[in-house]
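Chemist: Residue strings, one per chain:
2 protein chains.
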Amino acid sequence: MLVEIADKEFAEQRLQEVTESLTRGMYVQARRQLHNLPAWDVALLLESSPPKARAIIWQLVDADEHGDILEELSEEVQKSIIRQMAPEKLAAATEGMDTDDLAYVLRGLPEQVYQEVLKSMDEQDRHRAEQALSYAEETAGSMMNTDTITLRPDVTIDVVLRYLRLKGELPEATDKLYVVSREDKFIGEIGITRLLTVDPSRLVSDVMDQEVQGIPADMDETEVAKLFERQDWISAPVIDEDNRLLGRITIDDVVDIIREDAQHSMLSMAGLDDDEDTFAPVWTSAKRRSVWLGVNLITALLAAMVSSLFEDILAQMAILAILNTIVPSMGGIAGSQTLTLVIRGMALGHIGASNQRWLIGKELAIGALNGVIWALLIAAVVAIWKQDLLIGAIIAFAMMANLLAAGLAGVTVPLILKKFDIDPALAGGVILTTVTDVVGIFAFLGTATLLLS
Amino acid sequence: MLVEIADKEFAEQRLQEVTESLTRGMYVQARRQLHNLPAWDVALLLESSPPKARAIIWQLVDADEHGDILEELSEEVQKSIIRQMAPEKLAAATEGMDTDDLAYVLRGLPEQVYQEVLKSMDEQDRHRAEQALSYAEETAGSMMNTDTITLRPDVTIDVVLRYLRLKGELPEATDKLYVVSREDKFIGEIGITRLLTVDPSRLVSDVMDQEVQGIPADMDETEVAKLFERQDWISAPVIDEDNRLLGRITIDDVVDIIREDAQHSMLSMAGLDDDEDTFAPVWTSAKRRSVWLGVNLITALLAAMVSSLFEDILAQMAILAILNTIVPSMGGIAGSQTLTLVIRGMALGHIGASNQRWLIGKELAIGALNGVIWALLIAAVVAIWKQDLLIGAIIAFAMMANLLAAGLAGVTVPLILKKFDIDPALAGGVILTTVTDVVGIFAFLGTATLLLS
Numbered sequence: 001m002l003v004e005i006a007d008k009e010f011a012e013q014r015l016q017e018v019t020e021s022l023t024r025g026m027y028v029q030a031r032r033q034l035h036n037l038p039a040w041d042v043a044l045l046l047e048s049s050p051p052k053a054r055a056i057i058w059q060l061v062d063a064d065e066h067g068d069i070l071e072e073l074s075e076e077v078q079k080s081i082i083r084q085m086a087p088e089k090l091a092a093a094t095e096g097m098d099t100d101d102l103a104y105v106l107r108g109l110p111e112q113v114y115q116e117v118l119k120s121m122d123e124q125d126r127h128r129a130e131q132a133l134s135y136a137e138e139t140a141g142s143m144m145n146t147d148t149i150t151l152r153p154d155v156t157i158d159v160v161l162r163y164l165r166l167k168g169e170l171p172e173a174t175d176k177l178y179v180v181s182r183e184d185k186f187i188g189e190i191g192i193t194r195l196l197t198v199d200p201s202r203l204v205s206d207v208m209d210q211e212v213q214g215i216p217a218d219m220d221e222t223e224v225a226k227l228f229e230r231q232d233w234i235s236a237p238v239i240d241e242d243n244r245l246l247g248r249i250t251i252d253d254v255v256d257i258i259r260e261d262a263q264h265s266m267l268s269m270a271g272l273d274d275d276e277d278t279f280a281p282v283w284t285s286a287k288r289r290s291v292w293l294g295v296n297l298i299t300a301l302l303a304a305m306v307s308s309l310f311e312d313i314l315a316q317m318a319i320l321a322i323l324n325t326i327v328p329s330m331g332g333i334a335g336s337q338t339l340t341l342v343i344r345g346m347a348l349g350h351i352g353a354s355n356q357r358w359l360i361g362k363e364l365a366i367g368a369l370n371g372v373i374w375a376l377l378i379a380a381v382v383a384i385w386k387q388d389l390l391i392g393a394i395i396a397f398a399m400m401a402n403l404l405a406a407g408l409a410g411v412t413v414p415l416i417l418k419k420f421d422i423d424p425a426l427a428g429g430v431i432l433t434t435v436t437d438v439v440g441i442f443a444f445l446g447t448a449t450l451l452l453s
Numbered sequence: 001m002l003v004e005i006a007d008k009e010f011a012e013q014r015l016q017e018v019t020e021s022l023t024r025g026m027y028v029q030a031r032r033q034l035h036n037l038p039a040w041d042v043a044l045l046l047e048s049s050p051p052k053a054r055a056i057i058w059q060l061v062d063a064d065e066h067g068d069i070l071e072e073l074s075e076e077v078q079k080s081i082i083r084q085m086a087p088e089k090l091a092a093a094t095e096g097m098d099t100d101d102l103a104y105v106l107r108g109l110p111e112q113v114y115q116e117v118l119k120s121m122d123e124q125d126r127h128r129a130e131q132a133l134s135y136a137e138e139t140a141g142s143m144m145n146t147d148t149i150t151l152r153p154d155v156t157i158d159v160v161l162r163y164l165r166l167k168g169e170l171p172e173a174t175d176k177l178y179v180v181s182r183e184d185k186f187i188g189e190i191g192i193t194r195l196l197t198v199d200p201s202r203l204v205s206d207v208m209d210q211e212v213q214g215i216p217a218d219m220d221e222t223e224v225a226k227l228f229e230r231q232d233w234i235s236a237p238v239i240d241e242d243n244r245l246l247g248r249i250t251i252d253d254v255v256d257i258i259r260e261d262a263q264h265s266m267l268s269m270a271g272l273d274d275d276e277d278t279f280a281p282v283w284t285s286a287k288r289r290s291v292w293l294g295v296n297l298i299t300a301l302l303a304a305m306v307s308s309l310f311e312d313i314l315a316q317m318a319i320l321a322i323l324n325t326i327v328p329s330m331g332g333i334a335g336s337q338t339l340t341l342v343i344r345g346m347a348l349g350h351i352g353a354s355n356q357r358w359l360i361g362k363e364l365a366i367g368a369l370n371g372v373i374w375a376l377l378i379a380a381v382v383a384i385w386k387q388d389l390l391i392g393a394i395i396a397f398a399m400m401a402n403l404l405a406a407g408l409a410g411v412t413v414p415l416i417l418k419k420f421d422i423d424p425a426l427a428g429g430v431i432l433t434t435v436t437d438v439v440g441i442f443a444f445l446g447t448a449t450l451l452l453s
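As they're listed, the protein sequences go chains A and B.
The C-terminal position of the first sequence is numbered 453 in the UniProt record's numbering, with every residue numbered one higher than the one before it.
The C-terminal position of the second sequence is numbered 453 in the UniProt record's numbering, with every residue numbered one higher than the one before it.
Chain A with its partners taken away, still in its complex shape (with noise of 0.2 Å):
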């Protein structure tokens, strides 16, 4: 298929015309306009697209395209489709494809439905499917292929070079062969490059790489992806316990895990799901974020709570009552910033115990150099604006005092969250902002109480 890189308004093109089809009824047209989309476009056309439209538009698709495009799919929205099916149509989507997409498919299936799309697969199928699925979930063992091509130790290169030639064409992303003992265990791989440059009257085990070790199945894929970028590799083995070569891990696979994960602590940020589906029902939506709604009401609560305690001096001065609200905010933006800066940190691997400690105190010093500005400038609006010398002065206090408490908790919170397994981009900004809503809230309305009452 020719490749349309330099005309990239050319696809948009066409997947807006399957579009306007889909919209008028047109349905022929449309079924003979998706035919000609490469899989790839008719996944982001579904991802695109609201629930019913994607019930359409999955029924004029060829049903050989089927598993193409579920391997394109996110798990969300393959999801969504894959429980539409039936257990012989998906049976023979699956047909085919890779081993790590065909246990992904599987995994999302009700266990009834599972058992029936088994049934109806072929001997060998059943049997990579039942293997695929033998590892849990994000692992090196559920991103495998078993594409592997293996070879013995004791054989020339001469002899891979004409092994090849018979087999005729290589898997994809095959940039290395392994080299296996006669009890399958892993000891070496080599090269596709260099099977063209050695002498080829070499043994395989002179020529092999053997420094290198095999992936552990049960491998979280997030250490594999970032093996992958430290090593710049392309694929890699995996092994299991006893050292045996299970098969490889190619880095289109990875480069998945890698958008996933710098994704995931965006969304968790706003408490969203990872797969989290655009186009979801309504009603699937609301459920999921009503959630973070309810947290987030118990945190609002809690602020008024703080000022409630203050009411008597509130109901003396409504301009308190008016200013009330800036020192949180600008708390929580702070603190938000560390928070974010830390989270990213804590990815990379950049954070441990060796700088911790350096990094409070940077984030303090950060505090309260911007708390000294945003005080002062506070102070001459409030004193500009209401006339108020005093409660200027307050408020700048609360300010600095607020951004320090900012600083503090926006590198510490996240530490301590991980020290108790929490993940820090979930449950930081709740936290976070409570700490600063609460220290602002004291800090303005306290000190007011004090002064002015």
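Calculated from the structure, these hints are not laboratory results.
Here the structure is a predicted model, which means the values were calculated and not measured.
Even for Gly, the Cβ is constructed at its ideal location relative to N, Cα and C.
Among the hints, a few may not be true.
20 Å max Cα-Cα, derived SDA-like pairs, lysine to any residue [what the hints assert, rightly or not]:
#1 B:Lys52 - B:Glu20
#2 A:Lys226 - B:Ser74
#3 A:Lys52 - B:Ala365
#4 B:Lys226 - A:Arg259
#5 A:Lys119 - A:Thr150
#6 A:Lys287 - B:Ala365
#7 A:Lys287 - B:Leu376
#8 B:Lys167 - B:Pro200
#9 B:Lys386 - A:Leu309
#10 B:Lys386 - A:Lys52
#11 B:Lys185 - B:Thr150
#12 A:Lys226 - A:Asp206
#13 B:Lys167 - A:Arg194
According to the in silico footprint, chain B covers these stretches of chain A (three or more CB under 8 Å from chain B) [as the list claims (entries may be wrong)]:
#14 116-126
#15 190-197
#16 260-272
#17 336-343
#18 369-382
A few chain B positions that, by computed beta-carbon distances, are all more than 10 Å from chain A [stated by the list, open to error]:
#19 Ile56
#20 Asp64
#21 Asp125
#22 Glu130
#23 Val159
#24 Glu183
#25 Lys185
#26 Leu196
#27 Leu203
#28 Ala304
#29 Gln387
#30 Leu450
Guided by the hints, dock chain B onto chain A, whose structure is given.
Modeler: Only chain B this time, still in chain A's reference frame:
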């Protein structure tokens, strides 16, 4: 070098050891320990260290490791280090660097130092550097390397194989050889694995894949990354406007772009720079972050001014002052959930003219649904806590109104910003908060004024 996979803690332990030697001032020992660390780990150590420690580590590292380490560093940290290096040392460090990394380093230099470094380079490197710098930042041209292997169409595969064997080692991540005409025009490519499996007596022109187009040198790096993800490429050719082959892009550089792009939104939403260095000096960090705090102070003041319009009723009833923060806060949370999803959807190319209206409808429906739930709940809480049914009803109405506003603004604000070519991740949050603050306060205090005064 042995890749220590099985023992992840081993790597961490070694890093810990260096840190300990450094803090104890045992520099001879630290130098030896650093010497045994791979470049990637030294880079990690530098990125995890405060400015002073960075300078010390850099002096302890072998000078001939400098180049490899610089390549692994993030932009900010790299800049802070090369600014302190003497031009001739820098020239030595960049010797043999990949073209894209070389351009990256040189771009970070002040004009005068840059000229001096250029002078200290040998002829070949200088030429390479000048060529690499001729492409704009963040384009395919600035990402590419010039280490391509090119073939003529009219030779046999056998000749190619003999040529490669003569050449010895091939550049890393070489999965394809490129076929060019006598005028250096790109006409096709052959996968390395294909070379191994095809009949050696055939001509390159018979075997090559002609349906591939090169990537134009001025294509944006984010577009390049999308193409790689979409096509599962490991490398791809880069061409100029006359279709002449300039070089190639490899997946390891693309992975960096994918991670950076995915992190970009998260950092922007907190008003942080993409290259924000967690361990930068206090002054640098404070200066950068204060801009964002300033913008948010304006938002907070705006909210205070809106409250100020209702000074009369606030003076009469302190309870309104206490509850005044709840509705804006919930609106901010709901709005930022929608905003986050829309920003991600835009980055993935899911949101276009065809589904915007559906999305606004959906988010309004979610706002209504969650609005009802949390309106009823907050009404009940207020009715019980403050024994005031009417104020419960007022806050319920304001909650409803603000969650609808949040849903609407969460979709429309980023869409409008994008139309004006403003980064929604950077500016979206501030504008959204302003909307939910203003609507929240107006709805609550305004209704209270109408009904209670």
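Chemist: All hints, please: hold or fail.
Modeler: Against the structure, the hints come out as follows:
no.	hint	in the structure
1	B:Lys52 - B:Glu20	15 Å, holds
2	A:Lys226 - B:Ser74	15 Å, holds
3	A:Lys52 - B:Ala365	16 Å, holds
4	B:Lys226 - A:Arg259	12 Å, holds
5	A:Lys119 - A:Thr150	31 Å, violated
6	A:Lys287 - B:Ala365	12 Å, holds
7	A:Lys287 - B:Leu376	16 Å, holds
8	B:Lys167 - B:Pro200	18 Å, holds
9	B:Lys386 - A:Leu309	13 Å, holds
10	B:Lys386 - A:Lys52	46 Å, violated
11	B:Lys185 - B:Thr150	11 Å, holds
12	A:Lys226 - A:Asp206	30 Å, violated
13	B:Lys167 - A:Arg194	11 Å, holds
14	116-126	violated (count 0)
15	190-197	holds (count 5)
16	260-272	holds (count 9)
17	336-343	holds (count 6)
18	369-382	holds (count 7)
19	Ile56	14 Å, holds
20	Asp64	20 Å, holds
21	Asp125	22 Å, holds
22	Glu130	27 Å, holds
23	Val159	13 Å, holds
24	Glu183	19 Å, holds
25	Lys185	14 Å, holds
26	Leu196	5 Å, violated
27	Leu203	17 Å, holds
28	Ala304	5 Å, violated
29	Gln387	13 Å, holds
30	Leu450	18 Å, holds
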